[in-house]
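Go by the hints and put chains Y and W onto chain R.
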Amino acid sequence: MSKLNETDIQGFVLRGYNMPFARYLFLRFEDAGRAATFIHRLLGEVTTGQRWDSGKPLSTVNIAFTHLGLSALELPDATLLSFPVEFQQGMKKRAAILGDTGRNAPESWDEIWREDRVHAWLGVNAVSLDALNSRCADMLTLMRDTDGVILLDAQDAAALVIDGVPTTKEHFGFTDGFGNPDYLGVERSSQPGQGKLNSNGTWAPLATGELLLGYADEAGELPVAPVPHILASNGTFMVYRKLHQNLATFRSYLNDHAPFYAGGKEKLAAKFIGRWRDGTPIELSPDQPDPSITQDPARSTNFTFGADPEGVRCPVGAHMRRVNPRDAFGFDGKLINRRRITRRGLPYGVWTPEGESVTDSDERGVIFIALNADFSRQFEFVQQQWINYGNDARLGNEKDLLMGNHTGHGRFVVQGDTTPTNPPFVCSNLPSFVELRGGGYFFLPSITALGMIGMGLVDPR
Amino acid sequence: MSNINGKVYAMNVITPMKPWKTGLLRILFFALWHIKPMQKDLINLSFIEFARWVIVPRRSFPFLAQGQVPEDLQYDYLLFFSNFNGTWNQYIDAFSSVLSRGLNLIWRWSEKFPGSVPITPFKEYIAQVQFDTDYYYTAYPYAAANDLKAAHIVQSSLDQLAAQAQTSTPQQFAEAYLQFVVRVQTHLGNTGEAPVVS
Amino acid sequence: MPNQNGKVYGLTILSPIIDDEQVTPSHDLQIRNYLAQLPIDEQSPFALAPGTHLARLVVMDDVIYVGMPACEEHLKSKYLIFESNCDGDLTSYLTGLAATIPEHLNAIWIHCVGYPGTTNLQAFLNYMKSCQIDTTFFFAAVNDKSVPETLRALQTQHAVADFIANHQGTDPTLLQSDFIQLLADLKSMPLQKAGAMAPDRDLKTGGRNE
Chain R
1 MSKLNETDIQ
11 GFVLRGYNMP
21 FARYLFLRFE
31 DAGRAATFIH
41 RLLGEVTTGQ
51 RWDSGKPLST
61 VNIAFTHLGL
71 SALELPDATL
81 LSFPVEFQQG
91 MKKRAAILGD
101 TGRNAPESWD
111 EIWREDRVHA
121 WLGVNAVSLD
131 ALNSRCADML
141 TLMRDTDGVI
151 LLDAQDAAAL
161 VIDGVPTTKE
171 HFGFTDGFGN
181 PDYLGVERSS
191 QPGQGKLNSN
201 GTWAPLATGE
211 LLLGYADEAG
221 ELPVAPVPHI
231 LASNGTFMVY
241 RKLHQNLATF
251 RSYLNDHAPF
261 YAGGKEKLAA
271 KFIGRWRDGT
281 PIELSPDQPD
291 PSITQDPARS
301 TNFTFGADPE
311 GVRCPVGAHM
321 RRVNPRDAFG
331 FDGKLINRRR
341 ITRRGLPYGV
351 WTPEGESVTD
361 SDERGVIFIA
371 LNADFSRQFE
381 FVQQQWINYG
391 NDARLGNEKD
401 LLMGNHTGHG
411 RFVVQGDTTP
421 TNPPFVCSNL
431 PSFVELRGGG
441 YFFLPSITAL
451 GMIGMGLVDP
461 R
Chain Y
1001 MSNINGKVYA
1011 MNVITPMKPW
1021 KTGLLRILFF
1031 ALWHIKPMQK
1041 DLINLSFIEF
1051 ARWVIVPRRS
1061 FPFLAQGQVP
1071 EDLQYDYLLF
1081 FSNFNGTWNQ
1091 YIDAFSSVLS
1101 RGLNLIWRWS
1111 EKFPGSVPIT
1121 PFKEYIAQVQ
1131 FDTDYYYTAY
1141 PYAAANDLKA
1151 AHIVQSSLDQ
1161 LAAQAQTSTP
1171 QQFAEAYLQF
1181 VVRVQTHLGN
1191 TGEAPVVS
Chain W
2001 MPNQNGKVYG
2011 LTILSPIIDD
2021 EQVTPSHDLQ
2031 IRNYLAQLPI
2041 DEQSPFALAP
2051 GTHLARLVVM
2061 DDVIYVGMPA
2071 CEEHLKSKYL
2081 IFESNCDGDL
2091 TSYLTGLAAT
2101 IPEHLNAIWI
2111 HCVGYPGTTN
2121 LQAFLNYMKS
2131 CQIDTTFFFA
2141 AVNDKSVPET
2151 LRALQTQHAV
2161 ADFIANHQGT
2171 DPTLLQSDFI
2181 QLLADLKSMP
2191 LQKAGAMAPD
2201 RDLKTGGRNE
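These protein sequence lines are chains R, Y and W, in that order. Going by our numbering, the first residue of the first sequence is number 1, and it counts up by one from there. Going by our numbering, the first residue of the second sequence is number 1001, and it counts up by one from there. Going by our numbering, the first residue of the third sequence is number 2001, and it counts up by one from there.
Treat the hints with caution; some may be incorrect.
Stated by the list, open to error - Result set (DSS-like, lysine-lysine): computed pairs, CA atoms no more than 30 Å apart in a straight line:
no.	chain 1	residue 1	chain 2	residue 2
1	Y	K1123	Y	K1040
2	Y	K1123	Y	K1021
3	Y	K1021	W	K2129
4	R	K265	R	K169
5	R	K3	R	K334
6	Y	K1123	R	K334
7	Y	K1112	R	K334
8	Y	K1112	Y	K1123
9	Y	K1149	Y	K1036
10	W	K2076	Y	K1021
11	Y	K1112	Y	K1040
12	W	K2129	Y	K1036
13	R	K92	Y	K1123
14	Y	K1112	W	K2076
15	W	K2007	W	K2187
16	Y	K1018	W	K2129
17	Y	K1021	Y	K1112
18	Y	K1123	R	K93
19	W	K2187	Y	K1149
20	R	K56	R	K3
21	Y	K1040	W	K2007
22	W	K2076	Y	K1123
23	Y	K1036	Y	K1021
24	W	K2007	Y	K1036
25	W	K2193	Y	K1149
26	R	K169	R	K92
27	W	K2007	Y	K1149
28	Y	K1036	Y	K1018
29	Y	K1149	R	K334
30	Y	K1018	W	K2076
31	R	K334	Y	K1040
32	R	K56	R	K169
33	Y	K1036	R	K334
34	Y	K1040	Y	K1149
These are computed hints drawn from the structure, not numbers from a lab.
Just chain R, same shape as in the assembly (with noise of 0.2 Å):
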């Protein structure tokens, strides 16, 4: 695998921009000629993936168009018709599969996802408020001077704020983010723990099939994608889902359990997910949390469940072990190394520190980003088989604590040892932590890809 030409790939694929602002807005072409003509006149704004050897920019921009808005640009029915099915059929059609019923279902989505109108998603991230402003007016100019797109809705999401220091936490207290595939060609620090196992218990990066299209995947082949090929290389998909987090409840569930675990409180949020809140995951440092581990990029995400089945210092059903599962289902982890998927997004509200009131209605939580080559494959089969479902963690039909759409009558299971501090404890009863509010499935195509839209040059085959 040679090195990618980071020129022609979208930089939000290959990294997280670390930056601690962000809006991402939602379009919808109104004439497929002069929606053609704003993606042509936007290249030149298009953040690609080239190193920033002369500094950082003050922001990106990025876009990625639903199966709808592609159709909307007038793609030929031969490319349109190539794509996955699930792509073609949008997220909201596949609510059953990944679980997204009851207070998840779409008919409680936000306005905007409720229909089928969202054509595309740009997103712009910022160092700075001023910053994200300044941009996001020039695109709004753009929109204006070209006359074929309409803004339908643009949802902020930004670091939260801590003692006034912008922080990679989530509403819940926990420190995100940790969790990113390496992979073949893309050049990026590479972590211990981040990419697949080998037999030998080191690590190596993921097949770049895996995040993007055009290139041998971890079966040996490529990934499903649209003709002509060059449309389709050097692209990718994109889960955007917003998760409301219900802050309130999480509290007092929390609140409600910690005085009956002889671990206490801080343990046992570190059970259920699998770090502690500041980051150090369990496995590695079961008694408390060491910021040695999570400042050491060596350490943090280096770690194996192996020596662990029985779930004594990660349990089985932690959210991280779920969904990452590492060698947990034995094999070296090979069947697990075609269903990662790359981590992007930012959390949506104001961090509220405990001890201060909060509700559940607030306007809170995170807009989860996932890439990946192949949704089903991927995203869909995390989302259905180790987030709602859980036979492959050997859970029966147990669903992750955090993520999972429960019904009020979940269970976890903290497994322990006769050690008094690390006793089994079960949680029953579990409220959703988290709810869906909307969402789609996008295709984030190459530079070439965005200039063969803009100009009008796909073949019809």
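For chains Y and W alone, kept in the frame of chain R given last:
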């Protein structure tokens, strides 16, 4: 007609083999049967309840006279019946990623078998040689193989604790009970409905 | 013999289906039709008869042509495949079927060549065994438990999980007496019906092939 009942999927597959290859396959199965470690991967895959391979030699199709026309075949046939948990794609993905060598050994004698890696030709082959189930029954539609194993562990652990429940002091019992909970703590998942199939 | 794996028996039967152009719908279609209407839950014939873990009935109407350069060939008969993973010894299993669900067996196998019916048990057993094909390799995830033992264990597991959840921090004396009560409850609890969805859950069955 459905291949699915609750948490189990019934797969039927039939593939033709040149008769001279059948003997080799029989030797392979003989070894697989008698060398238990070779079955380890199947056991560890943990989502197969029962599976069987049946070789039907070309002259051994049941013949009952009474007007039945005898078969006149060039190939022997390998029948494969599996009862697995999860979706068709999931099952074949897992097979291909961790059992490819074993699968290749079993099916390489069959005509046109493309090998189990890469996966797309393999899936196309399986889809081609699979035939659907008319009627599928399971005594435990709400339980996967893992659930069954978990239940047996809980039952035997309970039986052990039961033996001393009457005779021990409350304190002794409480200690034994904690040991019991630790023994069964990874086997308490509830059973129920299978996820929706796409 | 790989038909047996521990306590579990792997039965494979291929019964040739009568080929009679005079009959409409044809015998194989009549079998398919009957099977399509047969309940798969606790009313299933295999739930009513003892000893079946999992079983399937499949009309194999032909072999499958895999394309060039393989030869194309076809079966002269269609076959009814009966594949069962059942308890114990074959004769007693088949005898159990004949004794409990003769009307279903007869309604299905009446369409097969040479089927003698269940009235003469020995003739029935001989027929079934003459259609049997030996399993070449038989894998069983669990091979040492009978159907009733498994149903019992599933019931126990459910009750134990609830018991543990409801007895956290319970005082030892109460814990012990409640546990003894649990054992008594489990003992007196009627065994859950084979083929039924979990007793306290509303479960859908079936589904489409992916």
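Hint check:
1. K1123(Y) - K1040(Y): With a Cα-Cα distance of about 24 Å, the restraint between K1123(Y) and K1040(Y) holds, given a limit of 30 Å.
2. K1123(Y) - K1021(Y): holds (23 Å)
3. K1021(Y) - K2129(W): Distance of about 27 Å is within 30 Å: holds.
4. K265(R) - K169(R): Measuring from Cα to Cα gives roughly 18 Å; hence the hint holds.
5. K3(R) - K334(R): Holds, at about 25 Å.
6. K1123(Y) - K334(R): holds (18 Å)
7. K1112(Y) - K334(R): holds (27 Å)
8. K1112(Y) - K1123(Y): holds (13 Å)
9. K1149(Y) - K1036(Y): Distance ~19 Å between K1149(Y) and K1036(Y) Cα, so the pair holds.
10. K2076(W) - K1021(Y): holds (23 Å)
11. K1112(Y) - K1040(Y): holds (28 Å)
12. K2129(W) - K1036(Y): Since the Cα atoms of K2129(W) and K1036(Y) sit roughly 29 Å apart, the hinted pair holds (cutoff 30 Å).
13. K92(R) - K1123(Y): holds (28 Å)
14. K1112(Y) - K2076(W): holds (23 Å)
15. K2007(W) - K2187(W): Judged against 30 Å, a Cα distance of about 24 Å means the pair holds.
16. K1018(Y) - K2129(W): holds (27 Å)
17. K1021(Y) - K1112(Y): holds (14 Å)
18. K1123(Y) - K93(R): Distance ~25 Å between K1123(Y) and K93(R) Cα, so the pair holds.
19. K2187(W) - K1149(Y): holds (21 Å)
20. K56(R) - K3(R): holds (22 Å)
21. K1040(Y) - K2007(W): holds (19 Å)
22. K2076(W) - K1123(Y): Given that 30 Å is the threshold and the Cα spacing comes to 29 Å, the pair holds.
23. K1036(Y) - K1021(Y): Between K1036(Y) and K1021(Y) the Cα gap is close to 24 Å, so the pair holds against 30 Å.
24. K2007(W) - K1036(Y): Holds, at roughly 17 Å.
25. K2193(W) - K1149(Y): Holds: K2193(W) and K1149(Y) sit about 19 Å apart, inside 30 Å.
26. K169(R) - K92(R): Satisfied, since the Cα-Cα distance of roughly 29 Å is no more than 30 Å.
27. K2007(W) - K1149(Y): holds (15 Å)
28. K1036(Y) - K1018(Y): holds (28 Å)
29. K1149(Y) - K334(R): holds (23 Å)
30. K1018(Y) - K2076(W): holds (19 Å)
31. K334(R) - K1040(Y): holds (16 Å)
32. K56(R) - K169(R): It holds: about 22 Å lies between the C-alpha atoms, which stays within 30 Å.
33. K1036(Y) - K334(R): holds (22 Å)
34. K1040(Y) - K1149(Y): Given that 30 Å is the threshold and the Cα spacing comes to 16 Å, the pair holds.
Checked against the numbered hints listed earlier, the structure breaks none of them; every hint is satisfied.
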